[in-house]
Amino acid sequence: MARIQIIAIITSFLFLLQVAYFIHRGRLREEYAFIWIISTGVLLFFSFWRDGLETMAKIMGVYAPPNLVFMGAIFAVLVYLLHLSVTVSKLQQQNKTLAQEHALLQRIVEAKEKRHE
Amino acid sequence: MSIVNRIAVVIPAYNEEESIAAVVNEVNRVSRETGLDLTPVVVNDCSTDRTREIISQLNCVALNLPINLGIGGAVQTGFKYALLNGFDYAVQIDGDGQHPPAQIPLLYNAIQQNNWDVAIGSRFITNEGFQSTFMRRVGIAYFQWLIRLLTGRTVKDATSGMRMFNRKTLALFYRYYPDEYPEPEAVILFSKNNLRFGEVPVQMNERMGGVSSIRSFGTVYYMFKVTLAIIFSYLRK
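Order-wise, the sequence lines are chains A and B.
Throughout the first sequence, residue numbering follows the numbering used here, covering 1 to 117 in sequence.
Throughout the second sequence, residue numbering follows the numbering used here, covering 1 to 237 in sequence.
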């Protein structure tokens, strides 16, 4: 096994441990952890299978194997960014509803306080 | 008429300390003079000036949002208040003095006589009062064209923020009201939900204070965003 393989495997495992730690401490929701675990899995897979990248590149007709890495990585980032945009939109919607309920409730509370004075 | 309809006058206010008191007092004056039961509902959209302090001293319902939601989220708060507190109608006017409260009876009479769900105050039927700038009228003509294309209805002033709604419409808005630049998109909602609506000639003024939410830099974004919103609102089930 080549030195770079060992480094890659160890790094991937450490990354996986970190993700597991975050989930364990409740700092990362499982739905987001999912994508990180899968990405790490892919890294590990290619760390063990040294010729994997070249084989995959050949199958997909990519001339230079590193380009396959860039393409895959950029695509994964784009998908994840889209997912985050959806999440932010949902949060904004929930935030808006909360703020409105807050204003309406505050009005009720203030009206009650005035009546008691 | 035996039943007096209660009308909530929803006034969104973001940093309107210069004009808000005049607008609220004018609504109350119109209410006294015409006998319409108007209740000003000011929605302070987390203003950074003295708006909150000023409206707490006025004869109005003051709703203070804890965070800035933008015009759509602010007026929706007022609509929710109107619906939950048993108002028969809600009319939206701007807090910067563009919409003279004295025109509210025109909307009310039209919505009653025609049995409409929504009355839209339009500057461009009789072309009286403040007519906006040339570029804005070009934009308004474009929305008129787009809305006619999708709904078959002609709305001459789709960007008008001076509108009156009945409870059926308020119930619809409780579930969904657009966030940013809501007016043209809302017209699509009226059409999709088979609401009866029409335009009423009104006169508007130039704003007394504050700045428009649509400034030169944002114009392209505005046109693009509203076009997308209109199309997607149309496509949505």
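These are computed hints drawn from the structure, not numbers from a lab.
Certain hints may be false.
Claimed, not checked - Only pairs whose alpha carbons sit at most 30 angstroms apart, straight line, appear in this in silico DSBU-like list of lysine-lysine:
#	chain 1	residue 1	chain 2	residue 2
1	B	Lys156	A	Lys90
2	A	Lys114	B	Lys225
3	A	Lys112	B	Lys225
4	B	Lys168	B	Lys225
5	A	Lys58	B	Lys192
What the hints assert, rightly or not - What follows is a set of in silico ranges between Cβ atoms, one per label pair, in the way DEER data are often shown:
#	chain 1	residue 1	chain 2	residue 2	range
6	B	Arg32	A	Val86	46 to 52 angstroms
7	B	Asn205	A	Tyr80	47 to 53 angstroms
8	B	Leu228	A	Gly72	49 to 55 angstroms
9	A	Thr97	B	Arg148	29 to 35 angstroms
10	B	Asp49	A	Ala111	23 to 29 angstroms
11	B	Asn205	A	Phe22	53 to 59 angstroms
Stated by the list, open to error - To list a few chain B residues with every Cβ distance to chain A over 10 angstroms, as calculated:
#	residue
12	Asn5
13	Glu33
14	Val61
15	Asn64
16	Gln76
17	Lys80
18	Tyr81
19	Gln112
20	Met135
21	Lys192
22	Asn193
23	Asn194
24	Leu228
Note that CB positions come from ideal geometry on N, CA and C, so glycine has one too.
Now the hints, each set against the structure:
1. B:Lys156 x A:Lys90: Since the Cα atoms of Lys156 of chain B and Lys90 of chain A sit roughly 34 angstroms apart, the hinted pair is violated (cutoff 30 angstroms).
2. A:Lys114 x B:Lys225: Violated - the C-alpha atoms of Lys225 of chain B and Lys114 of chain A are around 43 angstroms apart, more than 30 angstroms.
3. A:Lys112 x B:Lys225: Between Lys112 of chain A and Lys225 of chain B the Cα gap is close to 42 angstroms, so the pair fails against 30 angstroms, i.e. violated.
4. B:Lys168 x B:Lys225: Given pair Lys168 of chain B, Lys225 of chain B holds - Cα atoms ~27 angstroms apart, limit 30 angstroms.
5. A:Lys58 x B:Lys192: violated (52 angstroms)
6. B:Arg32 x A:Val86: 46 to 52 angstroms: Holds - the Cβ-Cβ distance for Arg32 of chain B and Val86 of chain A, about 50 angstroms, lies within 46 to 52 angstroms.
7. B:Asn205 x A:Tyr80: 47 to 53 angstroms: holds (49 angstroms)
8. B:Leu228 x A:Gly72: 49 to 55 angstroms: violated (31 angstroms)
9. A:Thr97 x B:Arg148: 29 to 35 angstroms: holds (33 angstroms)
10. B:Asp49 x A:Ala111: 23 to 29 angstroms: holds (25 angstroms)
11. B:Asn205 x A:Phe22: 53 to 59 angstroms: Holds - the Cβ-Cβ distance for Asn205 of chain B and Phe22 of chain A, about 57 angstroms, lies within 53 to 59 angstroms.
12. Asn5: Consistent with the label, Asn5 of chain B stays out of reach of chain A, its closest Cβ about 22 angstroms off (over 10 angstroms).
13. Glu33: holds (27 angstroms)
14. Val61: Since the minimum Cβ distance to chain A is about 7 angstroms, Val61 of chain B lies within 10 angstroms and the statement is violated.
15. Asn64: The claim breaks: Asn64 of chain B does not keep its Cβ more than 10 angstroms from every Cβ of chain A (closest is about 6 angstroms).
16. Gln76: violated (7 angstroms)
17. Lys80: Given that some Cβ of chain A is not farther than 10 angstroms from that of Lys80 of chain B, nearest at about 6 angstroms, it is violated.
18. Tyr81: Check fails; 6 angstroms does not lie beyond 10 angstroms.
19. Gln112: Check passes; 28 angstroms lies beyond 10 angstroms.
20. Met135: holds (30 angstroms)
21. Lys192: Since the minimum Cβ distance to chain A is about 20 angstroms, Lys192 of chain B lies beyond 10 angstroms and the statement holds.
22. Asn193: Holds, because the least Cβ-Cβ distance between Asn193 of chain B and chain A comes to about 20 angstroms, which exceeds 10 angstroms.
23. Asn194: holds (25 angstroms)
24. Leu228: Nearest chain A Cβ is 14 angstroms from Leu228 of chain B, so the label holds.
Violated hints for the displayed structure, listed by number in ascending order: 1, 2, 3, 5, 8, 14, 15, 16, 17, 18.
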